Amino acid sequence: GIQVEQSPPDLILQEGANSTLRCNFSDSVNNLQWFHQNPWGQLINLFYIPSGTKQNGRLSATTVATERYSLLYISSSQTTDSGVYFCAVATGSSYKLIFGSGTRLLVRP
Amino acid sequence: GAGVSQSPSNKVTEKGKDVELRCDPISGHTALYWYRQSLGQGLEFLIYFQGNSAPDKSGLPSDRFSAERTGGSVSTLTIQRTQQEDSAVYLCASSLGRAYQNSPLHFGSGTRLTVT
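Residue numbers (the working numbering), protein chains in the order written: chain Z, 1 to 109; chain S, 110 to 225.
Bound-form chain Z, shown alone (with noise of 0.2 angstroms):
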């Protein structure tokens, strides 16, 4: 099955730094979903984003498909980004949600 690795696994910043969260995939896909996993365990969608680019605020996600790679970009930090990122994907030929292990972030004020 598809292959879904999220880099860094940990991250620490400073409020105000900026940062890029990326994940990486082994095979084509037709949905890709960045979603934020706040430290009570709530789990918020961010973005779908199978190709393209989208911003939301101080956040913006790039996938470029046929490098077969997603970026997250998070700019000017602040302590309640805190959490843990997830990059799910799905194929072609399935509906299913594939997770990365995630990216926990650690904003420190």
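FYI, nobody ran anything at the bench for these hints, they're computed from the structure. This structure is a prediction, so every number in the text was calculated from the model and none was measured. Heads up, some of the hints might be wrong.
[As the list claims (entries may be wrong)] Have a look at the derived ranges for each label pair, beta carbon to beta carbon:
hint	chain 1	residue 1	chain 2	residue 2	range
1	S	T185	Z	G16	40 to 50 angstroms
2	Z	T20	S	S114	26 to 36 angstroms
3	Z	G1	S	E194	28 to 38 angstroms
4	S	A163	Z	S28	46 to 56 angstroms
5	S	G160	Z	T80	32 to 42 angstroms
6	Z	T79	S	N119	38 to 48 angstroms
For each residue, glycine too, the CB sits at the ideal point set by N, CA and C.
Once you have looked at the hints, place chain S on chain Z.
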């Protein structure tokens, strides 16, 4: 409802007992997923329902696990003869349609299952 609702939020059970976990998806969402998340780990796919189609059960870890979805809405995940390794957070998610359409996935708050 406004979001995906799961109950109970916490469940403690003795090894060998059966448990039922409930998920009420967002109204109008035809796709429903169950995932499992062990402590500090990623999300493990369990089962997927799409409308009235036969569910994809390929992620269920053993025949002690089963799920049904009644009337295309509420879903119940049943674990029989629970084992300690079943302890995890069970997450339900729903979306408007099949995964290859533009339909973001929305998660419930999960049921934390502890098997003693």
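Here is what the structure says about each hint:
no.: 1; hint: S:T185 <-> Z:G16: 40 to 50 angstroms; result: holds (46 angstroms)
no.: 2; hint: Z:T20 <-> S:S114: 26 to 36 angstroms; result: holds (35 angstroms)
no.: 3; hint: Z:G1 <-> S:E194: 28 to 38 angstroms; result: violated (22 angstroms)
no.: 4; hint: S:A163 <-> Z:S28: 46 to 56 angstroms; result: violated (26 angstroms)
no.: 5; hint: S:G160 <-> Z:T80: 32 to 42 angstroms; result: holds (37 angstroms)
no.: 6; hint: Z:T79 <-> S:N119: 38 to 48 angstroms; result: violated (27 angstroms)
Hints 3, 4 and 6 from the list above are not met by this structure, while the remaining hints are.
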